[in-house]
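Visitor: So the sequences go chain by chain: A and B. Just remember that our numbering sits 1164 ahead of the position in the first sequence, which is counted from 1. Just remember that our numbering sits 10 ahead of the position in the second sequence, which is counted from 1.
Among the clues, some could well be false.
What the hints assert, rightly or not - Quick list of simulated restraints, FRET-style, between CB atoms:
1. B:Asp79 <-> A:Pro1183: 33 to 41 Å
2. B:Asn27 <-> A:Ser1217: 25 to 33 Å
3. A:Arg1300 <-> B:Met11: 38 to 46 Å
Said to hold, decoys possible - With a cut-off of at most 16 Å between alpha-carbon atoms, the simulated EDC-like pairs for lysine to aspartate or glutamate come out as follows:
4. B:Lys121 <-> B:Asp169
5. B:Lys176 <-> B:Glu152
6. B:Lys121 <-> B:Asp151
7. B:Lys176 <-> B:Asp151
8. B:Lys176 <-> A:Glu1267
9. B:Lys176 <-> A:Glu1211
Simulated from the structure, these hints should not be mistaken for lab results. Predicted, not measured: the structure shown is a model, and the values here were computed from it. Here a beta-carbon is modelled for each residue, glycine too, at the ideal position from N, C-alpha and C.
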Amino acid sequence: MTRPNTLSTVSERLRDGVPVEIAVPEFLDMFYDCATSAGRAAMVRAEPPPTASARLDALLAAIAEYLTKQFTEADVPPWVGDPDRILAEPWFTTTSTADGMIEYLSFASPAEFRHHNIFTDFAPLARARPPRPLDRG
Amino acid sequence: MLDLFVYGGSALMLASNFRYATEDVDVARIEEPWPAWLTTVVEDIATTNTWNRDWLNDAVQFHLSPIADRAADHHVYATFPRAGGDAPVRAVCGLRVSVPSAAYMLALKLKALRINDPAKGPVETEDVRNLLRVNHVGSIDEAIEVLRRFFPRSARDADRERFFLKHIWPSENERDDPPEYPLDRQ
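Given these sequences and hints, build the entire structure.
Guide: The structure is reproduced here in structure tokens:
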């Protein structure tokens, strides 16, 4: 299957049972391979359909917000701020329950993830292939 | 003959009994230009499976150890045609696929250590824990020594690695079936 090139497609694949550790990295490779701000913004502009998982719905919004701010010159799409995309309880993206790890993630998590009550490592969503430089021509 | 060195999740799928899926195939840089037959085969496989044409890519090259040995730190997984008899491999094979040793694989995982990634964190954590076990690494210091063997500069300042390892260290009896990396036994 070709890699998803919009977050909506990612959401559909997640609903179809594709593991998040496959669907999201494949999308990231497509996003980072796009060299224009407009092209990248288009990949996250449309609101993805719900996945039936509050965590995944919030994660998709955090991904859209983070990628838009870090790797485009566009405005963050409005759907990102939907209250349904903000978790009621914090989600620490670790298998550890140790206080030290929770505290680390509380400080390390980028603001775009904290906004959605998701606490992850600094510089998340990295891939072996770095993002292509933006073509500003 | 083309030597293909496979890394990441694909290598674990080939060499271990604890990884079952990956999103692409990471290989060491292949000499340019690619042989015509390889380009054709890669495109045919992409078309047949409706995959992206860069499903086989060398983006991992930047992350590899410059001091890893192509022979000592890798295992031949397979050849095509299959090697056999007394003929030297180079005389009969057009393709040889190799994967890193379990120690080199662990070092690569420790260098990246993406255990808290919101999408891949749980899988990465399990990969590291399983590789610690197949390498019979008994302490965080031993794990850092494996890292040092391949990435000495990273190991000199390994506070982050030590912190993360402390929080994901596998317990003695957490799995009935111990992880395996059978190629290390050959």
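Visitor: Now, for every hint given, state plainly whether the structure supports it.
Guide: Now for the hints, and whether the structure bears them out:
| no. | hint | verdict |
| --- | --- | --- |
| 1 | B:Asp79 <-> A:Pro1183: 33 to 41 Å | holds (34 Å) |
| 2 | B:Asn27 <-> A:Ser1217: 25 to 33 Å | holds (29 Å) |
| 3 | A:Arg1300 <-> B:Met11: 38 to 46 Å | holds (44 Å) |
| 4 | B:Lys121 <-> B:Asp169 | holds (12 Å) |
| 5 | B:Lys176 <-> B:Glu152 | holds (13 Å) |
| 6 | B:Lys121 <-> B:Asp151 | holds (15 Å) |
| 7 | B:Lys176 <-> B:Asp151 | holds (11 Å) |
| 8 | B:Lys176 <-> A:Glu1267 | holds (15 Å) |
| 9 | B:Lys176 <-> A:Glu1211 | violated (39 Å) |
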